[in-house]
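Colleague: The hints should help you fit chain B onto chain A, whose structure is shown.
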Amino acid sequence: DTAVSQTPKYLVTQMGNDKSIKCEQNLGHDTMYWYKQDSKKFLKIMFSYNNKELIINETVPNRFSPKSPDKAHLNLHINSLELGDSAVYFCASSQTDLYNEQFFGPGTRLTVL
Amino acid sequence: GQNIDQPTEMTATEGAIVQINCTYQTSGFNGLFWYQQHAGEAPTFLSYNVLDGLEEKGRFSSFLSRSKGYSYLLLKELQMKDSASYLCAGLYGGSQGNLIFGKGTKLSVKP
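Those sequence lines, one after another, are chains A and B. The first sequence: position 81 = 81 (my numbering), numbered continuously. Throughout, my numbering is defined as the position within the second sequence, counted from one, plus 113.
Extracted from the complex, chain A is given alone in its bound form:
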């Protein structure tokens, strides 16, 4: 059983388009996260979210928005895609908060042309 899953694995799209990446965790965790890993392999947290609070990294453009239909899902919506958005996006979850180990999904490689 996959603990944290993401779809799609690969996403190729044109500049200006709007796209979504889905994430699901079956671990019963309270908090989920989105990360961006750029071409230099630098991993940066974008959002953390539990049923009480959304914490946004202030450097993330407002074109990016997380949507959580329920505790097990945290989807990432990206509007007006730009070339610089090309990266691998990882979803992750932890039992309660940042003090706990995180379980990462397999990643979604986004390429913006």
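Calculated directly from the structure, the hints in this document are not laboratory data. All residues carry an ideal CB built from backbone N, CA and C; glycine is no exception. Please note that a few of the clues may not be correct.
As the list claims (entries may be wrong) - Here chain B is said to cover these stretches of chain A; the calculated rule only asks that three of the stretch's residues, wherever they fall, bring their Cβ under 8 Å from a Cβ of chain B:
id, region
1, 29 to 43
2, 88 to 99
3, 102 to 113
To be verified - Simulated restraints on C-beta separations:
id, chain 1, residue 1, chain 2, residue 2, range
4, A, A72, B, K223, 37 to 45 Å
5, B, Q192, A, D70, 39 to 47 Å
6, A, S39, B, S140, 40 to 48 Å
7, B, S180, A, K41, 47 to 55 Å
8, A, S39, B, E169, 29 to 37 Å
9, A, K40, B, T124, 17 to 25 Å
10, B, E154, A, A72, 36 to 44 Å
11, A, L113, B, D165, 19 to 27 Å
12, B, G206, A, S65, 44 to 52 Å
13, B, F158, A, P8, 22 to 30 Å
14, A, K22, B, K223, 39 to 47 Å
Claimed, not checked - For lysine-lysine, the following DSBU-like pairs were computed, each having C-alpha atoms within a straight-line distance of at most 30 Å:
id, chain 1, residue 1, chain 2, residue 2
15, A, K41, A, K71
16, B, K189, B, K216
17, B, K189, A, K44
18, A, K19, A, K9
19, A, K9, B, K194
20, A, K19, A, K40
21, A, K9, B, K219
22, A, K9, A, K44
23, B, K216, A, K41
24, B, K170, A, K36
25, B, K216, A, K22
26, B, K216, A, K67
27, A, K40, B, K216
28, B, K181, A, K71
29, B, K189, A, K41
30, A, K36, B, K216
31, B, K194, A, K40
32, B, K219, A, K44
33, B, K219, B, K181
34, A, K44, A, K71
Modeller: Using the frame of chain A, we list chain B on its own:
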């Protein structure tokens, strides 16, 4: 900021011991994580240190000195499968704070 610094690359021999260092800014610091990431895969958790000292987990150990803003990951009896990037990450500002990752140390294990 909370700069997390670690060497970019290291090379070691199968069966040997390697130490990967990480330094961080101490202001607002709450704890330090190490993750392993194989090429093309997701990061996986290795260790979490809050208190000073060495924590051992099989072939891997992690050390923390809060006063010095310093941590290291020690890998013993290196195996080829240990070739991966090792990410040091500092937790700042508490449970609702921020997790800052270093750029990772790419370890290559040679026969």
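Colleague: State for each hint whether it applies.
Modeller: Quick rundown of the hints versus the structure:
no., hint, result
1, 29 to 43, "holds (count 4)"
2, 88 to 99, "holds (count 5)"
3, 102 to 113, "holds (count 6)"
4, A/A72 x B/K223: 37 to 45 Å, "43 Å, holds"
5, B/Q192 x A/D70: 39 to 47 Å, "41 Å, holds"
6, A/S39 x B/S140: 40 to 48 Å, "30 Å, violated"
7, B/S180 x A/K41: 47 to 55 Å, "30 Å, violated"
8, A/S39 x B/E169: 29 to 37 Å, "35 Å, holds"
9, A/K40 x B/T124: 17 to 25 Å, "20 Å, holds"
10, B/E154 x A/A72: 36 to 44 Å, "23 Å, violated"
11, A/L113 x B/D165: 19 to 27 Å, "50 Å, violated"
12, B/G206 x A/S65: 44 to 52 Å, "23 Å, violated"
13, B/F158 x A/P8: 22 to 30 Å, "25 Å, holds"
14, A/K22 x B/K223: 39 to 47 Å, "40 Å, holds"
15, A/K41 x A/K71, "29 Å, holds"
16, B/K189 x B/K216, "23 Å, holds"
17, B/K189 x A/K44, "29 Å, holds"
18, A/K19 x A/K9, "13 Å, holds"
19, A/K9 x B/K194, "24 Å, holds"
20, A/K19 x A/K40, "23 Å, holds"
21, A/K9 x B/K219, "24 Å, holds"
22, A/K9 x A/K44, "19 Å, holds"
23, B/K216 x A/K41, "7 Å, holds"
24, B/K170 x A/K36, "29 Å, holds"
25, B/K216 x A/K22, "26 Å, holds"
26, B/K216 x A/K67, "28 Å, holds"
27, A/K40 x B/K216, "8 Å, holds"
28, B/K181 x A/K71, "39 Å, violated"
29, B/K189 x A/K41, "25 Å, holds"
30, A/K36 x B/K216, "13 Å, holds"
31, B/K194 x A/K40, "22 Å, holds"
32, B/K219 x A/K44, "17 Å, holds"
33, B/K219 x B/K181, "24 Å, holds"
34, A/K44 x A/K71, "22 Å, holds"
Hints 6, 7, 10, 11, 12 and 28, counting from the list given before, are not met by this structure.
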